[in-house]
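Number of protein chains: 2
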Amino acid sequence: MRKLYHIWLSPTCRVARLALAEKKLEFDLVLEKVWERREGFLVLNPSGNVPILEESDGSIVSECIPICEYLDEVYQSPTLYGEDPRARAEVRRLVAWFGEKFDTEVTRHIYGEKFVKRFLQRGEPNSTAMRAGLTNIRTHLEYIAYLVDRRSWLAGDQFSMGDIMAAAQISVIDYFGDVPWDVSNSSKDWYARVKSRPSFRSVLTDYIAGFPPPKHYADLDF
Amino acid sequence: MRKLYHIWLSPTCRVARLALAEKKLEFDLVLEKVWERREGFLVLNPSGNVPILEESDGSIVSECIPICEYLDEVYQSPTLYGEDPRARAEVRRLVAWFGEKFDTEVTRHIYGEKFVKRFLQRGEPNSTAMRAGLTNIRTHLEYIAYLVDRRSWLAGDQFSMGDIMAAAQISVIDYFGDVPWDVSNSSKDWYARVKSRPSFRSVLTDYIAGFPPPKHYADLDF
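Top line first, the protein sequences correspond to chains A and B.
Per numbering that gives the first Met the number 0: the first sequence ends with 221, consecutive numbering throughout.
Per numbering that gives the first Met the number 0: the second sequence ends with 221, consecutive numbering throughout.
Any given hint could be a false lead.
Which copy is meant is left open, so a pair is good if it fits within one copy or across any two.
As the list claims (entries may be wrong) - Below, in silico cross-link-like pairs of lysine-lysine (DSSO-like), each with a Cα-Cα straight-line distance of 30 Å or less: (1) Lys2 x Lys100; (2) Lys22 x Lys100; (3) Lys2 x Lys23; (4) Lys32 x Lys100; (5) Lys22 x Lys32; (6) Lys116 x Lys23; (7) Lys116 x Lys100; (8) Lys100 x Lys113.
What the hints contain is simulated information worked out from the structure, not anything from laboratory work.
The task is simple: from the sequences and hints, build the whole structure.
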């Protein structure tokens, strides 16, 4: 059976889970406590990162973007990147926007401070960083609204990796109850549409002991 | 004429320049002072990042990885990602390694502190960060040696985006004279091979007023 090595609440691991689920590919989710740096894990991926995909024949694909590009090359339908090179460039631009810009400006400040630091007992969360994340996310929600007021999905008419990357990042912040949904109805409606996709179900049932999500987290009508 | 909007010494801009040059695609290099945030620039790419590729017909592709993937899709020969999906996954793993891990562990500490901070007058370089970068780069040079002791190029038998991303990052550090070439002959030999490619010539002639490179920077026999 195909395996995906992951860690809870990691946006990039959620991206790989969602891509697999959108392609209706079955897989076992294997928790890899990356900070334990077990030897067999570093053989799978010397960078020490998850996600790692282990195909049924034992072959390995490491890191979030390489996994998603690989899945789209090998299991072509439905495509998550689009057909035309320019449409694909727009999808990848949004993957970079949410995977890098949102991650740096929002996710690291909130997930990094609220969860990673506490969980790994690396000191108290930095409240300045958390406030910056809570401010920055508003601009990103407005940008999502700008896009979906003009297009069906973030990158165009088709659901794509752009939606997956954005929703995976936001889902982590929403797990902590920190998404200001009052910023924009358009971005809220877009997230409700993503959330109601069957691929999202497994992500909505995540539950970390000691870090319960708010009530609305799994609610499709939030 | 095709244009590439770039900024000096940015590793991701160098990656796009090298990919264009490897594909023998002509282009004009346009300096975009991103910190000035001119309006026309933000229309090209709302993230405010370079590189941005403007094709001869005026169409735009933004961000480093989307540009490289787009070029490989549209101008297929020579491929910079490889033919087989698993080989391509290995190329992309190394693109992630050098584009994210090396960038975070080395480039930001050295280029960020020595150049960006001084150039934009954002205070004195942080010597602790610079020391961390100088320590971390050694492990990356050892990893390059590990790979090229087993393969012709970083990702396999063919020169690829993995080599381009790694060499672009290293070239920026080398511009500041901060690559400890004594760490490994294998990694030095690999870099000499990349440096002698015609695609690299333009990168080696970069010269920033007030920040001259060391004598060996452009030397093919360093």
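Report the numbers of all earlier hints that the structure fails to satisfy, in ascending order. 6
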